[in-house]
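Trainee: Next come the chains, spelled out residue by residue.
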Amino acid sequence: MLKIDKLSKSFGGILATDNVSLELKPNSINALIGPNGAGKTTLFNLITGKIDIDEGQIFIDNTNITNLKESEITHLGIARAFQITNIFSTLSVQDSIKVALLAKQHGLNNMWNRFKAHSINKEAESIAKLSGLTKSYNTISSALSHGDQKLLDIALALALKPKVLLLDEPTAGMGPEERWKMIDRIQKLWKKTKMTVLFIEHDMDIVFDIAQNIYVLQQGAIIAEGTPKEIKSNKKVIKAYLGGGKK
Amino acid sequence: MNLLKKDNFQRDVFLGLLVWFMLIIFYYILPDPGIHDIIQKVFILGLFAMSLNILIGYLGLIAFGHAAFFASGAYTLGLFLQSDFVLNLAGFSIPVAIVLAVLVSSILATLIGVICIRLKDIYFSFLTLAFQMLIYSIILALVNITGGDQGLMGGFPKPPFLGIDLGKPFDFYAFTIFISIITIVLLRQLIESPFGYGLRMIRDNSERPAALGFNNQKHKLIAFIIAGSIAGLAGSLQALLDVGAYPEWAFWSKSAEPLFMILLGGMHSFLGPLMGALIFEILNDFVTANTRYYGLVLGLVILCFVLGLKKGLLDWLLIKLNRK
Amino acid sequence: MEIFALFDCIISPACLLSQATGGLKIGMLLFLVASGLTLVFGVLGVINFAHGALYMLGAYFSWQVMTLTGHFGLSVILGSLGVGIFGLLFERTLISRIYNAELLVQILLCYSVVLILDDLVMIIWGDEFLSSVGVPEVFQVPPLFIFDAIIPPFHLAIIGMSFIVGIILWFIMTKTRFGRLVRAAAVNPKMLEALGININFIRAGVFMLGSFLAGLGGALAASVGSVVSGMGNSIIIESFIVTVIGGMGSISGAFLASLIIGMARSFGAVAMPLFTDGLMFLIMVLVLVIRPQGLMGNKKK
Ligand SMILES: Nc1ncnc2c1ncn2[C@@H]1O[C@H](COP(=O)(O)OP(=O)(O)OP(=O)(O)O)[C@@H](O)[C@H]1O
Ligand SMILES: [Mg+2]
Numbered sequence: 000m001l002k003i004d005k006l007s008k009s010f011g012g013i014l015a016t017d018n019v020s021l022e023l024k025p026n027s028i029n030a031l032i033g034p035n036g037a038g039k040t041t042l043f044n045l046i047t048g049k050i051d052i053d054e055g056q057i058f059i060d061n062t063n064i065t066n067l068k069e070s071e072i073t074h075l076g077i078a079r080a081f082q083i084t085n086i087f088s089t090l091s092v093q094d095s096i097k098v099a100l101l102a103k104q105h106g107l108n109n110m111w112n113r114f115k116a117h118s119i120n121k122e123a124e125s126i127a128k129l130s131g132l133t134k135s136y137n138t139i140s141s142a143l144s145h146g147d148q149k150l151l152d153i154a155l156a157l158a159l160k161p162k163v164l165l166l167d168e169p170t171a172g173m174g175p176e177e178r179w180k181m182i183d184r185i186q187k188l189w190k191k192t193k194m195t196v197l198f199i200e201h202d203m204d205i206v207f208d209i210a211q212n213i214y215v216l217q218q219g220a221i222i223a224e225g226t227p228k229e230i231k232s233n234k235k236v237i238k239a240y241l242g243g244g245k246k
Numbered sequence: 000m001n002l003l004k005k006d007n008f009q010r011d012v013f014l015g016l017l018v019w020f021m022l023i024i025f026y027y028i029l030p031d032p033g034i035h036d037i038i039q040k041v042f043i044l045g046l047f048a049m050s051l052n053i054l055i056g057y058l059g060l061i062a063f064g065h066a067a068f069f070a071s072g073a074y075t076l077g078l079f080l081q082s083d084f085v086l087n088l089a090g091f092s093i094p095v096a097i098v099l100a101v102l103v104s105s106i107l108a109t110l111i112g113v114i115c116i117r118l119k120d121i122y123f124s125f126l127t128l129a130f131q132m133l134i135y136s137i138i139l140a141l142v143n144i145t146g147g148d149q150g151l152m153g154g155f156p157k158p159p160f161l162g163i164d165l166g167k168p169f170d171f172y173a174f175t176i177f178i179s180i181i182t183i184v185l186l187r188q189l190i191e192s193p194f195g196y197g198l199r200m201i202r203d204n205s206e207r208p209a210a211l212g213f214n215n216q217k218h219k220l221i222a223f224i225i226a227g228s229i230a231g232l233a234g235s236l237q238a239l240l241d242v243g244a245y246p247e248w249a250f251w252s253k254s255a256e257p258l259f260m261i262l263l264g265g266m267h268s269f270l271g272p273l274m275g276a277l278i279f280e281i282l283n284d285f286v287t288a289n290t291r292y293y294g295l296v297l298g299l300v301i302l303c304f305v306l307g308l309k310k311g312l313l314d315w316l317l318i319k320l321n322r323k
Numbered sequence: 000m001e002i003f004a005l006f007d008c009i010i011s012p013a014c015l016l017s018q019a020t021g022g023l024k025i026g027m028l029l030f031l032v033a034s035g036l037t038l039v040f041g042v043l044g045v046i047n048f049a050h051g052a053l054y055m056l057g058a059y060f061s062w063q064v065m066t067l068t069g070h071f072g073l074s075v076i077l078g079s080l081g082v083g084i085f086g087l088l089f090e091r092t093l094i095s096r097i098y099n100a101e102l103l104v105q106i107l108l109c110y111s112v113v114l115i116l117d118d119l120v121m122i123i124w125g126d127e128f129l130s131s132v133g134v135p136e137v138f139q140v141p142p143l144f145i146f147d148a149i150i151p152p153f154h155l156a157i158i159g160m161s162f163i164v165g166i167i168l169w170f171i172m173t174k175t176r177f178g179r180l181v182r183a184a185a186v187n188p189k190m191l192e193a194l195g196i197n198i199n200f201i202r203a204g205v206f207m208l209g210s211f212l213a214g215l216g217g218a219l220a221a222s223v224g225s226v227v228s229g230m231g232n233s234i235i236i237e238s239f240i241v242t243v244i245g246g247m248g249s250i251s252g253a254f255l256a257s258l259i260i261g262m263a264r265s266f267g268a269v270a271m272p273l274f275t276d277g278l279m280f281l282i283m284v285l286v287l288v289i290r291p292q293g294l295m296g297n298k299k300k
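These protein sequence lines are chains A, B and C, in that order. Here numbering that gives the first Met the number 0 is used: the first residue of the first sequence is 0, the next is one more, and so on. Here numbering that gives the first Met the number 0 is used: the first residue of the second sequence is 0, the next is one more, and so on. Here numbering that gives the first Met the number 0 is used: the first residue of the third sequence is 0, the next is one more, and so on.
So that you can see chain A by itself, here it is in the shape it has in the complex:
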């Protein structure tokens, strides 16, 4: 589905992504883990074309997307949610989802219809339902709770009907209970939509619970990959990551 081949990126001498290769299977759910500053977000930025690639190539469904623009890559089926919520503060949940839907369909050039009466309303409602935002459907984004803002961020990505969904710490800043709710939702989403999901997460219990496949990143390089079982018993990982005082 998504294939990354020998990807590298450095910021002024610091290697943030170091010769990374990986391949995500269709309809799989995968986790990307690693300590702070390991280069996880950077990898997402490279995949989505948000920052330029130094070396290596990226393919989606065998289409080479290396060096395409961020918006072009989005149209080819990669969508992401952000670590730091990245939403439209003055728009309501409904309007935010609608602009995302329209952006994908090139519908925002339309000057002759009324946005409020646009036929896309039904679709927006279903996305909101899918993301669990029905209750706050008419709330202004900036007035949402942190958790709902995170959900909205994901909903914006879902509106693009992506083949590959990248989630950057969807549970960041949440309490344990809220965390599991979010994870539950993501798991359901994944089952329903048949997307390929890659998510970044710091909570190991969550990762081992829902990921089929785990990639461990350290100082920009993938030091291990495999099923939860394999990762749990991987010596390198234990030493570099799990061994660091974790329970």
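Accuracy of the hints is not assured; some may be wrong.
[As the list claims (entries may be wrong)] What follows is a set of in silico ranges between Cβ atoms, one per label pair, in the way DEER data are often shown:
hint : chain 1 : residue 1 : chain 2 : residue 2 : range
1    : A       : 142       : B       : 110       : 55 to 61 Å
2    : A       : 235       : B       : 321       : 56 to 62 Å
3    : C       : 195       : A       : 191       : 53 to 59 Å
4    : C       : 193       : A       : 184       : 36 to 42 Å
5    : B       : 154       : C       : 171       : 28 to 34 Å
6    : B       : 6         : A       : 184       : 33 to 39 Å
[Unchecked claim] Here are the simulated SDA-like cross-link-like pairs (lysine to any residue), alpha carbons at most 20 Å apart as the crow flies:
hint : chain 1 : residue 1 : chain 2 : residue 2
7    : B       : 5         : A       : 180
8    : A       : 115       : B       : 270
9    : A       : 49        : B       : 119
10   : A       : 115       : B       : 267
11   : B       : 119       : C       : 12
12   : A       : 68        : B       : 204
13   : B       : 310       : C       : 100
Honestly, the hints are just simulated from the structure, not real lab data. All figures in this text were calculated on a predicted structure; none of them were measured in a lab. The C-beta atom is built at its ideal place from N, Cα and C for all residues, glycine as well.
Position chains B and C with the ligands against the provided structure of chain A, taking the given hints into account.
Mentor: Here is chains B and C with the ligands on its own, set in the frame of chain A:
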């Protein structure tokens, strides 16, 4: 009335025509040329301010050179109405001159916009300012054509068209307000369309749209061109009113005027800038009748709005009304 | 455009020298004013649209002192100090309220002060042009003739004085504790607060210094030209040009840009007399397009 309930284009057209009609009746009820003059100016300047508010209020770009387009509209109209080419069209000369004025302003806005929208924040503001002052300098330098610092010399004829004679006060009043209202109704459509929500999206967050597969730059450019064209239209109407065009219309302080109007009326309500134009004109009329120190009073009023109310009057009123 | 006139000027030592000194004078006066603007922006993050009005105040103040005392040096010193104190009050009462405000709010607040001051000086000093303070007696000597170029000694004095002020400014910013704090405040105000340094004190001080520089420029301008309400409205735009070209917040950039603009004005007047202003704006456009952060500015991340 069913027509009034829904927020749609038909309703706006209906309301627009209704307001126009009422202002026509008002003309006869209150035959005071001074008041008529204020009303038509409010619409002309209101158009100018509303066009700027596309950029400021809906797109979040502080354009500081918007008067460039106002002036280009005014000068284009004046120059064409002085030319044989347009005057030979007799009954069509004024409509053609207005269309050409808008067209030239839109071309200018395209050229300037392509370059400016690449910059952000204060850099965008400064670049628009620089372009405007460049145009101001060009107007001053091309003495043979523009009359330099004296303004467009010798006036121009206003041949009647479709039975409208803009030389007559009533005709001018009705015509100007009609054109303005039509433009405002169209602008409302634009702002409430998916395109308009695209503007709000960019204003709120200019980084996310690319991750939604959206091209900000193209959207911004189109908005910039539309804003410039409407400013050009306002300028051409102002030139028709004054039968001339002046370089001060391209000076930076002219770009500050619509900013004041936006501040006074409110940038977050559609008609805010129009209301701002009304406050601005009434203030202007009232203060200049009583004191020479207009700037002092205007300055104090602006200070009160900036530090006191912190938002435009219409924004403030709408918030109050919504709370109830 | 008279390219040949420019060419003729450049090959004639007399014309070249007198235009160059003229350009230097314009540039250095501009530097005085623009350095204050760029300093205030760099540290406070405020685009002080009222900077030109402070310049005007400097001219009026020094005119007043000159009329009362007849002492040139005193008029320049008291005039610019007066503006510095005025700036301090301005900062404490108004500017301090808008440090974190949107750009539009900053512009409008400052511009309202311009409108108010432009009228206030008319109320106090009348709306007629006040004739220039005049060149002090020491300099009322015949102009120098160097290679047949006519060079008024007073212009040289202005250039020299501005140069000295520039050096003092450089010294303050790089060699004193205050300067170090100011530079730190520009980069990381929170850090300074954490160190227990009163950031408001620094901001007020910087604004006062910026105002003083505007006032000094105005006071010197009053000795070579007439004093009138609204006289700040073109210098503010020129200062913006300099600030942008040099890089916003960069004093050395402002110095370089002032020289460029001074020369462009001086030689532009020979080559294209009707388009001298246009030339400045053209340079500004080019810099913003090619290098938005300015000649000496840092590229923001
Ligand atoms: N735009 C950039 N410019 C310079 N350095 C950057 C940039 N983006 C990231 N870095 C650096 O690259 C490294 C990896 O950062 P990244 O944000 O990818 O880490 P992360 O794994 O997502 O960490 P976290 O768990 O804290 O989110 C860090 O050292 C960071 O400082
Ligand atoms: Mg990260």
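Trainee: Which hint numbers doesn't this structure obey?
Mentor: 1, 5, 7 and 11
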